[in-house]
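Asker: Please construct the entire structure, taking both the sequences and the accompanying hints into account.
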Amino acid sequence: MDLPINRNVPTIMHIDLNSCFATAEQQANPLLRDKPLCVAAYNSPNSCVISPSIEAKKLGIKVGMQVRDARLIYKNVIIRTPDPPKYRDIHQKFCKIFRDYSPNVTPKSIDEAVIDFNNVPAIKRGLVEIGREIKRRMRKEIGEWISCSIGIAPNRFLAKLGASLHKPDGLDVITYENLEEVYGKVNLIDLCGINTRFQARLNAYGISTPLEFLQAKCETLQHQVFKSICGYYWYLRLRGWEIDAVDFSRKSYGHQYALQRHTSDPQELYPMLMKLCEKTGRRLRRSENVAYGVHVSCVYNDHTYWHQSKTFRTPLYTTTDLYIKAILIFNNQPERKKVSQLAVSCFYLVPTEPEQLDLFYDLSSKKKKVSEATDKINDKYGEFVITPARMMGMKDTILDRVAFGGVKELEDLYGHS
Amino acid sequence: MNETINEKISVVTVYDQVQGLVIPKKVKWQGRVYEITKIGYHHKVKEGNKLLHIFAVSNDSIAFRLRLDTDNLHWTLEEISDGLAD
Chain A
1 MDLPINRNVP TIMHIDLNSC FATAEQQANP LLRDKPLCVA AYNSPNSCVI
51 SPSIEAKKLG IKVGMQVRDA RLIYKNVIIR TPDPPKYRDI HQKFCKIFRD
101 YSPNVTPKSI DEAVIDFNNV PAIKRGLVEI GREIKRRMRK EIGEWISCSI
151 GIAPNRFLAK LGASLHKPDG LDVITYENLE EVYGKVNLID LCGINTRFQA
201 RLNAYGISTP LEFLQAKCET LQHQVFKSIC GYYWYLRLRG WEIDAVDFSR
251 KSYGHQYALQ RHTSDPQELY PMLMKLCEKT GRRLRRSENV AYGVHVSCVY
301 NDHTYWHQSK TFRTPLYTTT DLYIKAILIF NNQPERKKVS QLAVSCFYLV
351 PTEPEQLDLF YDLSSKKKKV SEATDKINDK YGEFVITPAR MMGMKDTILD
401 RVAFGGVKEL EDLYGHS
Chain B
1 MNETINEKIS VVTVYDQVQG LVIPKKVKWQ GRVYEITKIG YHHKVKEGNK
51 LLHIFAVSND SIAFRLRLDT DNLHWTLEEI SDGLAD
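Chains as they are written, first to last, in UniProt numbering: chain A, 1 to 417; chain B, 1 to 86.
Source of the hints: derived by calculation from the structure; they are not laboratory data. For glycine and all other residues, C-beta sits at the position ideal for the given N, C-alpha and C. A portion of the hints provided could be inaccurate.
[Stated by the list, open to error] Mimicking DSS-like on lysine-lysine, the simulated pairs with C-alpha atoms at most 25 Å apart in a straight line are: (1) B/Lys28 - B/Lys44; (2) A/Lys93 - B/Lys50; (3) A/Lys251 - A/Lys279; (4) B/Lys8 - A/Lys86; (5) B/Lys50 - A/Lys96; (6) B/Lys46 - A/Lys86; (7) A/Lys185 - A/Lys251; (8) A/Lys35 - A/Lys135; (9) B/Lys28 - A/Lys93; (10) B/Lys44 - A/Lys108; (11) B/Lys46 - A/Lys96; (12) A/Lys185 - A/Lys217; (13) B/Lys44 - A/Lys369; (14) A/Lys93 - B/Lys46; (15) A/Lys217 - B/Lys26; (16) B/Lys8 - A/Lys380; (17) B/Lys26 - B/Lys8; (18) A/Lys93 - B/Lys8; (19) A/Lys380 - B/Lys25; (20) B/Lys38 - A/Lys35; (21) B/Lys8 - B/Lys38; (22) A/Lys366 - A/Lys376; (23) B/Lys38 - A/Lys376; (24) B/Lys28 - A/Lys96; (25) B/Lys44 - A/Lys140.
[To be verified] Some chain A residues near chain B, calculated using beta-carbon distances under 10 Å: (26) Asn43; (27) Ser47; (28) Lys75; (29) Pro82; (30) Ile90; (31) Leu328; (32) Tyr381.
Answerer: Okay, here's the thing in structure tokens:
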């Protein structure tokens with residue numbers, strides 16, 4: 001199969017806030033501007049850098065680095081812990097600006113969004129002009145320190161690549177005319193979706209540059225390199241045809257927690273598990289679903305990983321329902337090692353209504369009512385005002401966080417705006 | 001350095017009818033009055049049904065994070081920062 005490069009006019013704009021969390025902190029506090037700053041999960045040496053400022057990136061500080069290593073690079077690097085409500089507010093403000101240009105705005109994460117200009121009158125003004133205006137408006141309406149990189153292309157994949165070409169504050173257009181030139185300037189791992197493993201796989205088939213990737217035959221990609229339909233998708237994607245405009249429905253709810261102090265003591269881990277179940281349960285109930293499956297995973301401090309999921313015949317709705325099943329799974333660990341990360345999720349979601357009531361003794365209905373009453377109290381007075389006793393002393397543990405690269409939690413955000 | 005304070009404070013504000021903004025102008029904390037020259041960011045946070053306004057404000061040497069509780073109109077100084085490393 002031979003498919004030409006997409007020669008249509010670019011209609012997709014990808015907007016990416018530069019160093020989002022760090023920039024947001026510098027916006028809020030001008031005394032932090034022009035200084036190497038990192039937003040880290042905790043202000044402790046072992047903690048992970050989530051967002052280095054542009055100044056910190058110039059020194060070589062990267063996402064994922066430990067705070068201790070960032071301090072080795074630059075002794076006086078400023079460390080701040082995340083402020084999720086602020087970042088969500090910025091996200092809502094920039095999405096509001098984008099919706100002035102097109103109703104088809106898809107948030108890709110807390111700091112990225114895609115605007116689809118197909119069949120939208122604004123496209124007549126030209127996307128480059130609109131892109132410049134969006135940059136101006138973000139500075140005026142959100143904050144003068146806020147900058148973004150914009151990519152304009154015929155599909156989402158190339159628009160994202162365009163947004164990554166000149167950081168910070170870039171604006172790049174990729175069309176059939178400059179596609180090969182752009183591919184000639186980047187590496188395979190600069191392409192969104194290609195990391196070291198896919199790179200190694202492509203290398204094994206003699207593909208070592210994006211240009212060679214573009215020139216590879218569809219059959220080679222599908223039957224040899226990827227050995228699946230993914231090869232065909234890559235063939236289309238690289239040529240500017242849209243394959244990623246897919247809205248994946250919600251399949252699960254879950255939370256995870258990176259422990260500041262690694263432990264194998266169940267008496268310390270059970271309350272954490274309960275808090276994870278409470279957070280998961282709150283979102284499950286808000287979505288008006290019940291779950292029939294629970295998944296528990298642990299990352300140990302020796303970097304090994306264990307996980308197990310189970311499905312159940314009875315619907316799970318309350319926090320206690322989830323907790324009992326999570327404990328059941330958690331206790332199946334083959335050995336008790338020190339846990340560094342703990343995660344709980346529930347899956348097999350089914351809408352709560354209609355509900356089959358028990359004819360003789362309706363315990364589930366009573367539990368449900370209690371759960372809904374406690375949820376109402378927490379809705380009125382704030383999260384964790386009323387909690388299961390198991391969660392005592394957990395107030396400052398498992399804090400509010402922004403999911404990395406995730407957009408699913410934004411459903412909750414829009415649900416409450 | 002960043003320091004958590006969480007103390008009630010006095011704030012002088014101006015309401016700008018044209019822009020529709022409330023602008024903190026002065027903060028009195030521990031007997032000293034600080035002029036505010038810049039509003040870095042303002043956002044709202046819901047704590048249950050309670051609406052809080054968070055103002056990140058500063059002058060040339062110190063930054064404040066202020067919270068206005070719309071239930072009782074009390075101002076709280078949440079944090080101060082001098083913009084230096086800890």
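Asker: Does the structure break any of the earlier hints, and which numbers would those be?
Answerer: Numbers 7, 9, 13, 15, 18, 19, 23, 24, 27, 29 and 31 - these are the hints that the structure violates, sorted from lowest upward.
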